[in-house]
Amino acid sequence: MPEETAPELPEDPGSPAEAEAEPATVDSEAEPATVESEAEPATVESEAEPATFGAEDEGPAAADATDGSYDTDESYDTEEADNTVTMHIWRGDHDGGEFTEYEIEGNEGEVVLDVIHRIQASEAPDLACRWNCKAGKCGSCSAEINGKPRLMCMTRMDTLPEGPVTVAPMRTFPIVRDLVTDVSFNFEVAKTVPAFQPPPAPADGYRMQQIDVERGQEFRKCIECFMCQDVCHVIRDHEENKPRYAGPRFFIRFAELEMHPLDTNDRRELVRQQGGLGLCNITKCCTEVCPEHIKITDNAIIPLKERVVDASYDPVGWLGRKILRRTKRSPEEAAAGGG
Amino acid sequence: MAEYESHNYDVIVIGAGGAGLRAAIEAKQRGLRTALVCKSLLGKAHTVMAEGGVAAAMGNVYPEDNWQVHFRDTMRGGKMLNNWRMAQLHAQEAPDRVHELEAWGALFDRTKDGRITQRDFGGHRYARLAHVGDRTGLELIRTLQQKAVSMDIDVFMECKVLRLLSDADGRVSGAVGYWRPTGEFVTFAAKAVVLATGSIGKSWMYTSNSWESTGDGHAMAIWAGADVIEMECVQFHPTGMVWPLSVRGLLVTEGVRGDGGVLRNSEGKRFMFDYVAPMFRDETAETEEEADRWYDDHANNRRTPDLLPRDEVARAINSEVKAGRGSPHGGVYLDIASRRPAEYIRRRLPSMYHQFMELAGVDITATPMEVGPTLHYMMGGVRVDADTEAATVPGLFAAGEVAGGMHGANRLGGNSLSDLLVFGRRAGIGAADFAEGRAGEPALDGAEIEAVVAEALAPLGREGGENPYDLQHELQSTMQSLVGIIRTGPELEEALEKLGELQERAANLSVAGSRAYNPGWNLATDLPAMLTVSTAVAQGALHRKESRGGHTREDFPAADPELGKVNFVQRQTDRRGPDAPITITPEPLPEMPPELRELLEEGH
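From first to last, the protein sequence lines are chains S and A.
The opening residue of the first sequence carries number 716 in our numbering; numbering runs sequentially from there.
The opening residue of the second sequence carries number 115 in our numbering; numbering runs sequentially from there.
The set of hints was computed from the structure by calculation and includes no laboratory data.
Hints may be right or wrong, so weigh each one.
Here are the simulated DMTMM-like pairs of lysine to aspartate or glutamate, each with C-alpha atoms no more than 25 Å apart in a straight line [as the list claims (entries may be wrong)]:
{"#": "1", "chain 1": "S", "residue 1": "Lys-1010", "chain 2": "A", "residue 2": "Asp-223"}
{"#": "2", "chain 1": "S", "residue 1": "Lys-957", "chain 2": "S", "residue 2": "Asp-919"}
{"#": "3", "chain 1": "A", "residue 1": "Lys-226", "chain 2": "S", "residue 2": "Asp-919"}
{"#": "4", "chain 1": "S", "residue 1": "Lys-936", "chain 2": "A", "residue 2": "Asp-223"}
{"#": "5", "chain 1": "S", "residue 1": "Lys-936", "chain 2": "A", "residue 2": "Asp-477"}
{"#": "6", "chain 1": "A", "residue 1": "Lys-679", "chain 2": "A", "residue 2": "Asp-693"}
{"#": "7", "chain 1": "S", "residue 1": "Lys-906", "chain 2": "A", "residue 2": "Asp-268"}
{"#": "8", "chain 1": "A", "residue 1": "Lys-383", "chain 2": "A", "residue 2": "Glu-397"}
{"#": "9", "chain 1": "S", "residue 1": "Lys-1010", "chain 2": "A", "residue 2": "Glu-457"}
{"#": "10", "chain 1": "S", "residue 1": "Lys-936", "chain 2": "A", "residue 2": "Glu-457"}
{"#": "11", "chain 1": "A", "residue 1": "Lys-226", "chain 2": "A", "residue 2": "Asp-268"}
{"#": "12", "chain 1": "S", "residue 1": "Lys-1010", "chain 2": "A", "residue 2": "Asp-477"}
{"#": "13", "chain 1": "A", "residue 1": "Lys-612", "chain 2": "A", "residue 2": "Asp-584"}
{"#": "14", "chain 1": "S", "residue 1": "Lys-957", "chain 2": "A", "residue 2": "Asp-268"}
{"#": "15", "chain 1": "S", "residue 1": "Lys-936", "chain 2": "A", "residue 2": "Asp-266"}
{"#": "16", "chain 1": "S", "residue 1": "Lys-936", "chain 2": "A", "residue 2": "Glu-712"}
{"#": "17", "chain 1": "S", "residue 1": "Lys-906", "chain 2": "A", "residue 2": "Glu-216"}
{"#": "18", "chain 1": "S", "residue 1": "Lys-957", "chain 2": "A", "residue 2": "Asp-266"}
{"#": "19", "chain 1": "S", "residue 1": "Lys-906", "chain 2": "A", "residue 2": "Asp-266"}
{"#": "20", "chain 1": "A", "residue 1": "Lys-612", "chain 2": "A", "residue 2": "Glu-588"}
{"#": "21", "chain 1": "S", "residue 1": "Lys-906", "chain 2": "A", "residue 2": "Glu-214"}
{"#": "22", "chain 1": "A", "residue 1": "Lys-226", "chain 2": "S", "residue 2": "Asp-927"}
On the chain A side, residues computed to face chain S include the following (Cβ under 10 Å) [said to hold, decoys possible]:
{"#": "23", "residue": "Met-163"}
{"#": "24", "residue": "Val-175"}
{"#": "25", "residue": "Arg-256"}
{"#": "26", "residue": "Ser-360"}
{"#": "27", "residue": "Val-361"}
{"#": "28", "residue": "Arg-395"}
{"#": "29", "residue": "Pro-582"}
{"#": "30", "residue": "Asn-622"}
{"#": "31", "residue": "Val-625"}
All C-beta atoms in this analysis are idealised placements derived from N, C-alpha and C, irrespective of residue type, glycine included.
Assemble the whole structure, with the sequences as input and the hints as a guide.
This is the structure:
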């Protein structure tokens, strides 16, 4: 019975019609992401709607296509003389700001974050940018590069089109300074997710099959870069939705717990009501920007919507669960192991 | 005195990687008022970068494994310089800590019968590392983070701690720091303080460490009068990326070798067979055939030399490159492409696959990786009591990389994540016990706070001084060239002289801009710790006139049995602080009981 649910989704009474009708809201106020459309010919794509995020980004495949030469020849040290790069970096704070142009020498194999660091070490020592691992593992250095959310540490300069590179802070979160945003919204949502609750462990430890843990493992690859939250049009230009919307990052958290072979907590009503799952209309923008290639929409949100529908609207299923606990097992069943 | 935001807790934990989170969870479970203070956002600490796994003798893959074998491997890997009691506790308690993570929601990879599976790693006799593909650190930090959040522990994110504060009786009583987003100062009064600040790697040019690894905890402990030990023992991980230059030093997990990858020089030769030290000869394969059979049958074959402890492999790579048998960018080749199917590589090592594909344009399922040594881990650190993690100054505790002793002269891969869990928990208990037993509220010295604040603010008001980025660059190139993987007496003396000069120049830094999220200013406030710690490393390296584990002296190439019985202890005595001298004295290692010594002397 859960399989036939298909695209017919619960109409949340609070669901804003405009979110469905017009995901492409391009804010005309003085928001960072719109500034580049005034001048830069090289950033034509940046005026595209959220729906096109990632459309031209083939991830590793694209990198592959352009990088073929590095390991076969010595082109890296026969670089031609003019390798100046032009960066348009948003500078300012919550009271406003503007793009500032920097011209700096580019080096072979560099990522955007390398260039930012060299600008800090020379022209602009106070240029604020958040980063940690510089290896794509911590999810700190999210920004909108040429209008598209990317990790600065994993975006190679030579994969970007010729011309100035625009770097702006994530638009969905309040600006702290320059490229740093206040992402505390996410940490607040995290507090509302009820904890994992397993049954008591058997004497020789829990047993789970690899195939069962792999579903949750996909979601636990999440590095909390919050770019899925940034690009989600339910909150990107709708501050008013934030108090009742968990966002893609936390939908995968709910899904992970929901699919955990040992968990005994039922969070489906919570994710429907407080989490605002119904506000998501599956445009897949989140999936397209995920640097970990997590299939957020297909593997987390849609199955979660199906399970929530089961919980709320299917009296027969509801009764069945009451008797059989079909989607969530009892602590005893969970402890007994298996899928 | 100016008014600063102030807080009062029973226990504050500085640092929110694995050790800090685990300590805070423990203190909070005891019902104490607990705070976690970290330089970055929660969940971004360097623990996320751990790849290979958590070492724990659970015996899920090899039932022969037990804590005694793990203890033995750890001590031998550490070249016997370890604190034996820490190595024992670690080996005994690691399995419980892994199972505990599972009960908190971690999803480890499984064996066929549904238990936690374990992978081979350098220096471990049996497949022992519980893991999640090659992103085990992320799983560990996220699990602990989610546990901490569910317990409602107070977290101060992007809050940099500058200095520990002591009361009139010399007990540590709190700390002072600032919020990075605003630059506003904040003070914490606490009955006990746990340092869990991680590493020191950012004082070198090529390191796998993130920007946070500036040795804050090591330095703050020294400035508070605590002892640090084994500061000369710094680990160079054998396999870091060497190209492109922008990612030089980025870690390539040992799991590549655990899963079948081998090291080759420019002639295609598996050179590690030429570098097997006598200590490891009995347990290491002599032929490629035996080494290859070992992956599937540990019982009847000896392990591949590609999986010797990290210090051995790093030195071997260094020698091959020096002998002119390196790769075009100054490393050697790490080849798994020719040895395992592409699908297997992508499944077992997904992060490595993406890292090379996206950053170097190299498909590791088709082409060997170029790798070379990168500064990775600090064995040395705060001298602690093995059972409680209490430092030598009352009220202060340390766990994880900032603490010394557990790993001796060289850490085995996989022993770091288990260290964080075992000693993070113990530090939490130690701090909680101390806090509960401490009478009265801890008092902070207003004048001391004012002095710290004034020192931190000085670069902002100064015109025409040194650029902190330039100073950092000089520090990094000094440490890289003079206190690197192979050291000599004259170079270490030169390094100390240069560090003294940098120390003087650091008193004259100038920073532009405001205090709000100003990375230039943040760096200026990191530099005092970086300089103190670098000085301690160079000084320790100069005094340890032998080669042992991560510490290699070209002028003293052999291990000295007498020096194998001592720790070099460093501390500040009369005068304390960034500009005060550090003394160094050899002190005997704790005596190991005979029943443990016997474990080490057995044939295997």
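Determine which of the earlier numbered hints do not hold for this structure and return their numbers in increasing order. 2, 6, 11, 16, 24, 28, 30
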